[in-house]
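J.: One letter stands for each residue in the lines below.
There are 2 protein chains.
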Amino acid sequence: MSPFTFTLDAECPDTWARAGTIHTPHGTIQTPIFMPVGTQATVKSVSPEELRAVGASIILANTYHLMLRPGSALINSFGGLHSFMHWDGPILTDSGGFQVWSLGHLRKLNEDGVTFKSHLDGSSHSLTPERVMQIEAELGADIILPLDICAPYPCSAEDARAAMERTHRWEERALIAKEHYRPEQSLFGIVQGAFEPELRQQSARIIGNLPFSGFSIGGLSVGEPKAMMWDMLRYVTPELPRNKPRHLLGVGSPEDLVIGVGMGMDMFDCVLPTRVARHGGLFTNAGRVSIKAARFRSETGPVEAGCDCYTCQNYSAAYVHHLARTEEQLYYRLGSIHNIRFMLRLAGQLRDAIIAGTYPDFREAFLTRYIPASEKIREAQREKWKVAKARQQ
Amino acid sequence: MSPFTFTLDAECPDTWARAGTIHTPHGTIQTPIFMPVGTQATVKSVSPEELRAVGASIILANTYHLMLRPGSALINSFGGLHSFMHWDGPILTDSGGFQVWSLGHLRKLNEDGVTFKSHLDGSSHSLTPERVMQIEAELGADIILPLDICAPYPCSAEDARAAMERTHRWEERALIAKEHYRPEQSLFGIVQGAFEPELRQQSARIIGNLPFSGFSIGGLSVGEPKAMMWDMLRYVTPELPRNKPRHLLGVGSPEDLVIGVGMGMDMFDCVLPTRVARHGGLFTNAGRVSIKAARFRSETGPVEAGCDCYTCQNYSAAYVHHLARTEEQLYYRLGSIHNIRFMLRLAGQLRDAIIAGTYPDFREAFLTRYIPASEKIREAQREKWKVAKARQQ
Chain A
194 MSPFTFTLDA ECPDTWARAG TIHTPHGTIQ TPIFMPVGTQ ATVKSVSPEE LRAVGASIIL
254 ANTYHLMLRP GSALINSFGG LHSFMHWDGP ILTDSGGFQV WSLGHLRKLN EDGVTFKSHL
314 DGSSHSLTPE RVMQIEAELG ADIILPLDIC APYPCSAEDA RAAMERTHRW EERALIAKEH
374 YRPEQSLFGI VQGAFEPELR QQSARIIGNL PFSGFSIGGL SVGEPKAMMW DMLRYVTPEL
434 PRNKPRHLLG VGSPEDLVIG VGMGMDMFDC VLPTRVARHG GLFTNAGRVS IKAARFRSET
494 GPVEAGCDCY TCQNYSAAYV HHLARTEEQL YYRLGSIHNI RFMLRLAGQL RDAIIAGTYP
554 DFREAFLTRY IPASEKIREA QREKWKVAKA RQQ
Chain B
194 MSPFTFTLDA ECPDTWARAG TIHTPHGTIQ TPIFMPVGTQ ATVKSVSPEE LRAVGASIIL
254 ANTYHLMLRP GSALINSFGG LHSFMHWDGP ILTDSGGFQV WSLGHLRKLN EDGVTFKSHL
314 DGSSHSLTPE RVMQIEAELG ADIILPLDIC APYPCSAEDA RAAMERTHRW EERALIAKEH
374 YRPEQSLFGI VQGAFEPELR QQSARIIGNL PFSGFSIGGL SVGEPKAMMW DMLRYVTPEL
434 PRNKPRHLLG VGSPEDLVIG VGMGMDMFDC VLPTRVARHG GLFTNAGRVS IKAARFRSET
494 GPVEAGCDCY TCQNYSAAYV HHLARTEEQL YYRLGSIHNI RFMLRLAGQL RDAIIAGTYP
554 DFREAFLTRY IPASEKIREA QREKWKVAKA RQQ
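Residue numbers (the numbering used here), protein chains in the order written: chain A, 194 to 586; chain B, 194 to 586.
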């Protein structure tokens, strides 16, 4: 029997939302779930014990970053990521494809794989579907992803098709290669197809029929309008097998989680909750607030009334404001804990609503009261981050 | 009965070392003790629960920083520092004198007090002995210090005397003013006198005879050679009353703690353990090591074998090395926890040795095996920090 199972606990009759349970060698995950991102084998500023305390049941780590530093062989010699980073719960590693894609001119692509120069020291590296399986075997995550090609936005239909078809060939190679390394790891397939409805449908159908343990939807949230992203899922979800988990890669915000669940997605991951926290953005039921705003200066209540996170249980909003304004390290921790807890509580509420048969009402109520960062603010932030990232490279 | 008491538990027959117990309204402190510094109402990167876990029994906060941001009136409106920062143990606040002194050309001194421009926004502020008592009453620490003048190193005997005499007049004013604000706070006297043995002796005698709850030795560790600092204590300690605690302001390193205890000091505070941790310097029984060094890259053991801190109990040195190299925020926390725990364990070992009558042996064994950062490295670091600080201003 495979150590990986997925069972459906409830399905929404009016939408594609479902509640499920995933068993992995390192523990159980109840879906829908948000997965905090631990890019470099650490969820920025948060300890494993704190992740447990906020209710994290699975985290994600990035193959690209870890293969470069400290190296997957070294992590393997420590018994894998779990023991290296002192997190004994489930881990998902991505394939590095998305990060290599982001390197732009620093990479070269051919049928065999991709070569790229490290953003750290310019050294050359190459990834093939087989090599990625080897690296992820060394990292030892419970769920692993195959090397894929993330088409840019916008992209011609022709390029989108070429990228998708090559991705499919790579995924078949990954399925074979994986058996040579750690067969007990669970390999998810990745659906691509850019923003072409027909390609998305085709990709979901082809990949959905291969013996993957679950499916990640890639190539979305790459700069397109939100509506276009959701539109793509309309073509993808119906083609995927009902009895396997679906992961929306790199998404999202609180509102994305609420909407994505209705589009049939079970798993979400994103650096957003921790990244916006570091910049002062904290989630509340009424929307995202900036804790640095003057109105919090003398606020004796918590960041959010009724919140059960460590931050809100122990500190006034004024103190969190003070730490954020003085750029104290404890702020980054308190802000991250609050936002991750918000995401995980939200995931739990979505699950409860699905099981209770009230998901559509929950969604409507949430989206009515929750004011997200506007598209304009999001755009401006994205640009700022791009510039900051370019500087680091 | 005063809520503040100091009792001597043991005295070393061969040195001036002693073990004592201080009672304060927020708890008991066993001496010798190291006090972690929470400049801006937070010990950088460490939570109050973690401070408790490493054995911290008192922390220090800086009046200068807090009066500027978020302001002592605001902290007072939250019920004082304890509840504002979620630390219910004893707190000591300094007077701001040392920081104002460090501002150099930004300050002006006269008999009444000192005016200075904020390093944050250039706004003008003035401190008098009375105003400092008011601010510290608003901050609400258990132990408070009076405004003093920290003479530079080097300094003419004439200037040293003038600064000392004015400090003495200010301290008498502080004693009177304090009764108007929070008489239940414990005011320590500050001994000055720069590097003039006669002045040091005189200052200790005069201040030692005033009704302070304890004594802080100021004006040391300002750039002079270490030997000169210890030499000054030879003149100070014998003049101070035996039955009150003695605090060596802004000192020190592990070796300073070990030596200072023998010079009759009971309390120590310094940003050094957390600051060097942030730069990769971690304390071990064999001396200070740089966790960023290549030799830790694949070290499966902890930073220090046998260390009982959270970091060493849960993470390999290789993982800590990885976090330090990638500048991950969790590193700063793990490094700080390790170093603070080292200092507090050392303080406890010193106490045990004093009680067991073996302090001189303990000191000799420690100083034989512990290799501190050399005077040269220390000098270079101090210069780097000065430059970094100047840039911030």
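Source of the hints: derived by calculation from the structure; they are not laboratory data. Don't be surprised by glycine CBs; every beta carbon is placed ideally from N, CA and C. Hints are supplied without guarantee of correctness; some may be wrong.
Just the calculated beta-carbon pair ranges, DEER-fashion [said to hold, decoys possible]:
1) B:Thr208 / A:Thr221: 53 to 63 Å
2) A:Pro218 / B:His216: 50 to 60 Å
3) A:Arg490 / B:Asn507: 43 to 53 Å
4) B:Asn507 / A:Gly541: 24 to 34 Å
5) B:Asp501 / A:Ala498: 47 to 57 Å
6) A:Ser316 / B:Asn507: 25 to 35 Å
7) B:Arg490 / A:Pro218: 23 to 33 Å
8) A:Asp424 / B:Asp501: 34 to 44 Å
9) B:Gly264 / A:Ser317: 51 to 61 Å
10) A:Lys485 / B:Met421: 38 to 48 Å
11) B:Thr221 / A:Ile548: 45 to 55 Å
Residues from chain B that face chain A, not an exhaustive set, calculated with beta carbons under 7 Å [said to hold, decoys possible]:
12) Gln233
13) Lys237
14) Pro263
15) Phe277
16) His279
17) Gln292
18) Ser295
19) Trp423
20) Gln506
21) Asn507
22) Tyr512
23) His515
24) Thr519
25) Glu521
26) Leu523
J.: May I ask which of the numbered hints given earlier this structure violates, with the numbers listed in increasing order?
T.: The structure conflicts with hints 3, 5, 8, 17, 18, 19, 20, although it agrees with all the remaining ones.
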